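Q: Hey, can you piece these two chains together into the complex? The hints should help.
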Amino acid sequence: MTATVATITSGKGGVGKTTTTANLAVALAMIGKKVVCIDGDIGLRNLDVVLGLENRIVYDLVDIVEGRCRLRQAMIRDKRLPDLYLIPAAQTRDKSAVSPSDMVRLCDDLRQEFDWILIDSPAGIERGFRNAVAPADTVVVVTNPEVSAVRDADRIIGLIEAEEKGPARLIINRLNPALIRRGDMLTADDVLELLAIELIGIVPEDENVVVGSNRGQPVAMDGKSKAGEAFHNIARRMNGETVPFMNLEQKEDIFKKLARMMRRDERTGG
Amino acid sequence: MAGWLDWLTGQKAKSAGQAKDRLKLVLINDRTDLTTEELETLKNELLEVISRHIDIDPSAVNITMAQEGREQRLLADIPLKPVTRRKPGGSVGRLK
Chain A
142 MTATVATITS GKGGVGKTTT TANLAVALAM IGKKVVCIDG DIGLRNLDVV LGLENRIVYD
202 LVDIVEGRCR LRQAMIRDKR LPDLYLIPAA QTRDKSAVSP SDMVRLCDDL RQEFDWILID
262 SPAGIERGFR NAVAPADTVV VVTNPEVSAV RDADRIIGLI EAEEKGPARL IINRLNPALI
322 RRGDMLTADD VLELLAIELI GIVPEDENVV VGSNRGQPVA MDGKSKAGEA FHNIARRMNG
382 ETVPFMNLEQ KEDIFKKLAR MMRRDERTGG
Chain B
13 MAGWLDWLTG QKAKSAGQAK DRLKLVLIND RTDLTTEELE TLKNELLEVI SRHIDIDPSA
73 VNITMAQEGR EQRLLADIPL KPVTRRKPGG SVGRLK
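For the record, the sequence lines run as chains A and B.
Per the working numbering, the first sequence runs over residues 142 to 411.
Per the working numbering, the second sequence runs over residues 13 to 108.
None of these hints come from the bench; they were simulated from the model.
Hints may be right or wrong, so weigh each one.
[What the hints assert, rightly or not] Take a look, some chain B residues computed to stay more than 10 Å from chain A by CB distance:
1. E50
2. L51
3. L54
4. L58
5. E60
6. V61
7. I62
8. V73
9. T76
10. M77
11. L87
12. A88
13. I90
14. P91
[Unchecked claim] Below, in silico cross-link-like pairs of lysine-lysine (BS3-like), each with a Cα-Cα straight-line distance of 27 Å or less:
15. B:K36 <-> A:K153
16. A:K220 <-> A:K367
17. A:K175 <-> A:K365
18. B:K32 <-> A:K153
19. B:K26 <-> A:K153
20. A:K306 <-> B:K36
21. A:K220 <-> A:K174
22. A:K175 <-> A:K367
[To be verified] Not the full set, but computed from the structure, chain A residues with beta-carbon under 7 Å of chain B:
23. V288
24. V291
25. R292
26. D295
27. G324
28. D325
29. M326
30. L327
31. D331
32. L335
33. A337
Remember, predicted model here, so these are calculated numbers, not experimental data.
Every residue gets a Cβ at the ideal spot worked out from N, C-alpha and C, and that includes glycine.
Bound-form chain B, shown alone (with noise of 0.2 Å):
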């Protein structure tokens, strides 16, 4: 039944969709030198440092690990919280 539904949907067997997950990420921690731990920890401590400083949703925080050509670059997508649910009324009275 396996190997219809395979056919129908048109999907991969599963080896080399794994063996190209596992190289992404292979290549990820050959290229920066950071073990998938330790980038984990630059994360946390990233999001430690930001939170002291502005207000952010930690489970909103989208960290990841891009490839552009063969050039590896960490994205951080970080929506802030807006200032005025925090301080009604402040800063927009002093304007007016």
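Looking at chain A on its own, in the form it has when it is part of the complex (with noise of 0.2 Å):
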């Protein structure tokens, strides 16, 4: 076994970078890939709790680096899906207690027991990015059909061109079909043209992430949502099958959009 190392980052924070790293392990390990992931949000740990594996930590990353554990000891086991490990991030230290060699090193020492290692990188482009991308083979971008994440977006895969870790790929996150229709939210098309990448999934806004989030319990895990269904096809094209995309802007009916437009003109009593 020799495991990509995936960073998943993003630029501006709270677009879905933690829960997308989380489904995206939990979907990995359901199709039998064996995944650890990474939280590399040093100070501000959270993958844990999205998990629902915050009662487990014992050591964390920082212990690793610093010798005061082994490696097998920071690597929290999930106990729902046995292919599933967790490193969690420090929470009383800050990022500058790890290197991007550190990094390196680390990911060189899980490799040959694993098909993936997922990186949750930290919001910003600072020493946290820049440690979750050294060790990185392919890099995704995260990203909500929005100005600011569509900016921060474009900022973040110039850096990782820099890097020499490009070309980037995108997941386009909380997208809301219904503000597409009322023409209020830009769709995958001008994301995608705006960021000129190749896009690896689109995520619908949906509910039960937050109910996902509240329990512990990653949709990506039961598979009837939306946004279950659509983490699983990202894992499935990480993996190098062609899936394809969820129809998700689809046009309403004659019936549905003229009902919807008298509504509106009796509002606006036009």
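A: Listed below in structure tokens is the structure:
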């Protein structure tokens, strides 16, 4: 086994990096891949709670790097998915506790044992980002169809190219089909035209994602929700499969459209 | 009425289009590290230098920033005024 190291990053915070990392890890483990995910957000760890593994942390990433524990001791195995492991971030330290070469060394030690190493990058373009990207074989950029997120994604894509880790691939997260139909949200095509990189997935806005986080049970685990399905599709594409994109921007039929227009005109008195 | 008109013409409501147009400009600025004013200055200086050597019609000039993949390029379309209009008969006569 020689793992592929995939770093999930975004530039802007709050676009769904950690949710994406957790769900891709779950989806990959569910198709029989051995996966370890590393929380790269030292000082602001969250991957543990999203995965529902927060009560099982004894050692963390900084403990490994500083030699206080062996690699194995810091790896938490998910009891629901025996092929899924987590290396949590330290909560009481900051990004400077780990260097890019520490991350490269750590991943090299893990490579033999896994199919996939997923690194959840912190937001920003500083040390934490460079730590997360240093060992990457492939980089996934998460964005939302929204001006600030797209702008920051463009910046981070440029930095990934500068680090010679490109070309990055794109996940458009929290796409809202109803808003798109109203013409009030950038479409996936709009975002792709602006950023000009390869698309690897579109994840629709889905309340089940919040419910999943609340329970510590990523949506990909039950596989019934739209978002969960989207993450499973991305996991398969990461493994080289060709999976068609879900049709989320489907046009309404003419009757629905008429009904909606009438309602709007009543409201505006038009 | 506006709703019906949009529906009939199949036009997109405003905000997504605005977002895209604004992002296009912002990304050009971010990628080239040039503000819109700096770009304007660059265009004017470019025209000034060219007019020193050849006769051009400034109103026909078209200088734009284009995106090709992730590459940004400056495109200049500068039609030249025909030489014959400046020097009637000049070099053509000598050839004969």
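Q: When the hints from earlier in the document are held up against this structure, which numbers fail?
A: none
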